[in-house]
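Number of protein chains: 4
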Amino acid sequence: MMSTPPLRVAMIGHGFMGAAHSQAWRVAPRFFDLPLQPEMTLVVGRSGAAESAERWGWADAASDWRAAIERDDIDLVDIVTPGDTHAEIAIAALEAGKHVLCEKPLANAVEEAERMAAAAQAAEQRGVRAMCGFSYRRVPAVQQLRRLVAEGVLGELREVRAQYLQDWLSDASGPMTWRLDKALAGSGALGDIGAHIIDMSQFVAGDALTRVTGTLETFVRERPLLAPIQPARQKGLGGTASDQKGTVTVDDAAWFTGRFASGAVGAFEATRYATGRKNALRLELSGDRGALAFDLERMNELEYYDATAPADRLGFRRVQVTEPEHPYTGNWWPTGHGLGYEHAFSHQVVDLVRDIAAERTPRPSFADGLQVQRVLDAVERSAAKGSAWTDIPTSTEDQLSTEVGR
Amino acid sequence: MMSTPPLRVAMIGHGFMGAAHSQAWRVAPRFFDLPLQPEMTLVVGRSGAAESAERWGWADAASDWRAAIERDDIDLVDIVTPGDTHAEIAIAALEAGKHVLCEKPLANAVEEAERMAAAAQAAEQRGVRAMCGFSYRRVPAVQQLRRLVAEGVLGELREVRAQYLQDWLSDASGPMTWRLDKALAGSGALGDIGAHIIDMSQFVAGDALTRVTGTLETFVRERPLLAPIQPARQKGLGGTASDQKGTVTVDDAAWFTGRFASGAVGAFEATRYATGRKNALRLELSGDRGALAFDLERMNELEYYDATAPADRLGFRRVQVTEPEHPYTGNWWPTGHGLGYEHAFSHQVVDLVRDIAAERTPRPSFADGLQVQRVLDAVERSAAKGSAWTDIPTSTEDQLSTEVGR
Amino acid sequence: MMSTPPLRVAMIGHGFMGAAHSQAWRVAPRFFDLPLQPEMTLVVGRSGAAESAERWGWADAASDWRAAIERDDIDLVDIVTPGDTHAEIAIAALEAGKHVLCEKPLANAVEEAERMAAAAQAAEQRGVRAMCGFSYRRVPAVQQLRRLVAEGVLGELREVRAQYLQDWLSDASGPMTWRLDKALAGSGALGDIGAHIIDMSQFVAGDALTRVTGTLETFVRERPLLAPIQPARQKGLGGTASDQKGTVTVDDAAWFTGRFASGAVGAFEATRYATGRKNALRLELSGDRGALAFDLERMNELEYYDATAPADRLGFRRVQVTEPEHPYTGNWWPTGHGLGYEHAFSHQVVDLVRDIAAERTPRPSFADGLQVQRVLDAVERSAAKGSAWTDIPTSTEDQLSTEVGR
Amino acid sequence: MMSTPPLRVAMIGHGFMGAAHSQAWRVAPRFFDLPLQPEMTLVVGRSGAAESAERWGWADAASDWRAAIERDDIDLVDIVTPGDTHAEIAIAALEAGKHVLCEKPLANAVEEAERMAAAAQAAEQRGVRAMCGFSYRRVPAVQQLRRLVAEGVLGELREVRAQYLQDWLSDASGPMTWRLDKALAGSGALGDIGAHIIDMSQFVAGDALTRVTGTLETFVRERPLLAPIQPARQKGLGGTASDQKGTVTVDDAAWFTGRFASGAVGAFEATRYATGRKNALRLELSGDRGALAFDLERMNELEYYDATAPADRLGFRRVQVTEPEHPYTGNWWPTGHGLGYEHAFSHQVVDLVRDIAAERTPRPSFADGLQVQRVLDAVERSAAKGSAWTDIPTSTEDQLSTEVGR
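Protein chains in written order, with our numbering: chain A, 510 to 915; chain B, 510 to 915; chain C, 510 to 915; chain D, 510 to 915.
Excised from the complex, chain A in its bound form:
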């Protein structure tokens, strides 16, 4: 491995996403043969970066992201900050000739995402690569779903069902977090987890949403503010409440119905109030020859229904996506041994590094990320207009973005 050229990485941000990305950069080269050797060179955080460097194994630390841009010994900038900062950092990095991995959502606003996609397209011309981090695409079962769809097992796609059900806001006495503040988070359940089901359904279907009708709801409009001092290593979704109240300015839940370019219809729900559902990202695709289903709560499995089987033995089969024949899994453990949440981040690193070395456009591209942002925006605009059907703008770049599923 030491004979491979290095890929020197700076990570901007160091919350729980930083932990996941650090683990990916550390672990991926141990289990996959990579054409470039990632080096964990620099971590950037406004406070506590040095401690994060030590904990997560980065060689150096800085408090301003511009340090990563300015240093010559950085080849790739990995952005895991909140969405409102993505555009500025990513564009600067690309313009400085650094590859970029940017966490989803690509940005908090379409206009920002458009500028990012344009910057990525320009950078492409110079051999500089950009990827949007929809890591769930790299869950082996999700890749396997895509493979099966691409092979044609669905026949003509008619229906998509996609839900992302969580319940961490179900208790109305739970405190405010930055995720409930529109200024910081941009959006609520829609942008945070709705983005995942949009990206995953389009990726797996190999099809793009063209119009939507949607509804947003905020069930609990006031919540206690977070106490000023929080427990160490707080993991993003919890926290200790104070006596003061704050206003929730994002949606708690979103429901939308969309039309795909192929004519298929998708029903979507994203909520943080589905009591008892912890991380139920569910997808089901129904075609005239078969159906496929997935639930992130059982992420090592998929379900496949082959409608062409003999009529007396039709049924959804539970495929354990843990075998050598499945995407990525052969590099890990023997048959039947499950992977966890963070493995998808390692696979993301693997694919990105290989794309950079092969001079290919990584996917999901920034154009893909922009397209998701446009769907989110169309849902918001539809909801604001009494659920009127709202078109999702397309552009030349978008044509690219529907070529999902490599």
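Since the hints were derived computationally from the structure, they do not count as laboratory data.
Quantities reported herein were computed from a predicted structural model and do not represent experimental measurements.
There's no promise every hint is true.
[Unchecked claim] Label pairs and their calculated CB-CB ranges:
{"hint": "1", "chain 1": "C", "residue 1": "PRO737", "chain 2": "B", "residue 2": "ALA568", "range": "43 to 49 Å"}
{"hint": "2", "chain 1": "D", "residue 1": "GLY557", "chain 2": "A", "residue 2": "GLU579", "range": "54 to 60 Å"}
{"hint": "3", "chain 1": "B", "residue 1": "ARG720", "chain 2": "A", "residue 2": "GLN546", "range": "41 to 47 Å"}
{"hint": "4", "chain 1": "D", "residue 1": "ASP900", "chain 2": "C", "residue 2": "SER771", "range": "32 to 38 Å"}
C-beta: ideal position from N, C-alpha, C; glycine also.
Dock chains B, C and D against the given chain A, drawing on the hints supplied.
Only chains B, C and D this time, still in chain A's reference frame:
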């Protein structure tokens, strides 16, 4: 049993619903102590009624439903014909002083349902009873869901998820049936199976929908006509195709989002194209203290999540609704022995007969059936207006109809 | 139907099994075309037979089973009494030229079962038929399992897993019932529910056990006696306790491992102490080309694993055995509509009546029932000898009994 | 972290277990605060150790395990070689004052395990620690099971069901591997995976097996030998066949019934022929107050049945063991995010390092490992004696070994 007064029944119609209702009238008195003894007096069918009488055990047969109205020895008229005939028969029966059990949907049009509800209300004054046959309310697990909600296990209800997923139209070469012809069926998936999820969700929640936004879709607009001669005992959903084509004039699938009076939001889907799903009527209710779920494909089970349990042992529990403590089940078999589809019809007969004897209004009443019809109508109107939010009209009678769940 | 010749039935016994059999005789002819028309002529019970006749719809009642033998107008005797009475009644009925349906277990002792099988074999020569009532064979999913095995989907059978898990004795304060008294019940969990997994596994596998090693256990050796007066319509597994104690003389649970004639190995467990398992009769067969599984708690489903499918999409598929292509189901309801516990009894009646009319030997025959009894006996003898491997005697008649699975 | 004292580790062996242990040593300190800082100092392998050092991140490499014993800069020896080498290496390491982590099974023979346990006991006196690597104890769901049992949720334990179902030998044309050679592997399914269900059931129950009756079977006695040249990075369970045949000298499957000290009865099955089951380590414990179940194929879940809940809402609940309240999980990802196979190895490292620093005896101790070996041996002896019940010898050390479940 012989000392109990008789309840002489005429059944109008004799398709597969007739088989289910006949079984209920025959079996219910064997397993439940009833205050009136049902007698299977007359079956009416435009053709083949005599054969049906023999097969299903009715004492007499006629070809015109008016025979049932005119005969003095009929106490109750059980209507299992297609929806376009319900209003005329039911109103005539009620006016003739006969109790009525009318299959869902109450009618094909709101106006018809309104007249029926008015007739039922008038008949009530004279001690004549009317029930709308949403038999799935009488599945033991559904009654148990309602009991748990009424007891307060959900806390504040926030979200309802309801799907009725079937796949019998998934094959585009399958032939037309009367169910795909708007003139006869009134509606497609929406009216046929969407009606069930509307009724069941309102019943279990004890809450009424007040407005909706919806979308309808017909995926396959032309299908082969049925061959003139069909196999004997054809069961309603299949059939043999001819060479000629007919036009599908109803919806294949419907998606709608609704607001309940309590403020809860419901997401609904009814489709006949969910490949691999045979009879998946699924309901999930999420509140701040718990959640409940049901799937008709596993009709002897429910799922219950108690959010107030200790944090290290929270989880959806699978309750087998087959125990003596559960509704209806103690009258059948020992612990752990499942019931089937037709048992709900027996329970419907049990409750109806007991209500008649006790001089109570049976539920679901015709007003309840009308309310479901108004929801269906609002979905259709919303879909026709680009999914605009559409109010569901209320009236004095509707106040009654929200008192679900006895 | 009225033109078909009658089959006049007398039922001996009228507990909960009597209810199930009555329902079968009443309902089967409504849903299946039968060559003989069952007539519910006589019910026999030592007390309360007249009430049972009225409740369950039998034309006449008697207190002594000999009445059924003596009457000329009885064609078939249906025996649902406890096992200690089976031999005397069945042999008398067969000798009197009456067909016999005898509930499982065939008898409480091998010697009795041998005499019954001999009587059945002699009666065969005179055109008189005998069937042992292992009704679970007639659950559609179980028949479908047998069909798939007969078709060869398992390849070479290696392993059988069979469990019958119940929990109604889990509470040590629950009272004694006749089922815990060896003098009446003959055996405990082994004979009652172990008999089912022996019969079902042999039937589905098309293979016979030849030797076993087994263990029996009685966890709770003393229980309160039943109070003298019990609630009306007590359903056999419960009851009200008195202050006095009685001794449990049967096994609470049994575990045994057996060798099939083919060389396959079976692991069996029958218990009434599997807390939370209400009626979990589970079967799994593993061969080199596939596997099949079943759980009576989800009796409308089976699971099928096709090991010859492409390696990236292998998985157990959940087949809903509710379709027209499946055994029996097309006679009942449309696609996706589940059946319940009692339907298997109707199917048993259907097959028996057709066999009688076709002059065929019904299966399971008394020889089949005897063979199950010999397996049970071998398990008991093994357990008494410190789990030593114990052969199951075979005979000419047994050769017949391994031709299971028509 | 750098201020903590180092713990310098040498790993002996570098197959797939070496990959898992390397990952654990690398990752554990990133997610858990440890009192000693593990340093990956040396890896030993008879060939290819240098490559493994580079791939898995060990500072140095050697070809003879004695190098690890002799070097002063090694504090802990981690043994992941086949079982026939464990005793020699472990005893030498302990005598040299090095802590030892030894993979399960502790040894291939009881006599070896006895010597190892004695060596560990002696080393204890000098502050040198030894742990046997039954990593599945450290799956969060398994720890949570143990917590619940210790809290008393089962009441009086009656029954244990434990199965380890794999299918990688189901295809009779699959080649020989060292795991099928008694000289190397010591035992087949029994020792390899049967050991896991013995350890896990005793650990979770907090109870020890005292006697067993068992059966072993080798379904396929001859298999193709492995071709001399195998694909790179072969993962232990597969391989390419040659034309020559070899003899399988170990068991393919094992079934045994055991008595626990408490009086509970356990039914065990370990097989590599359970077609379609990839890694189904299943455990169920039934007591008079509740039941608990687990399946390694869904390793982030457990099932809990509380028999003391109201009778109308009893049911097995599926607990997602992914919450901050659960063992280990709070150190990883937010609520609802699953872990994979290798995380249990990280938890093993965490507990071992903490025990060493706290001067506690790690569990499972070598005495625990010896006790499992004695159970395996008793099963083999029982099988050789026609399944006769066979006692499991106890000793003073064994008393220790039943104190499971810290």
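Are any of the numbered hints broken by this structure? If so, which, sorted upward? Per hint list: 2, 3 violated.
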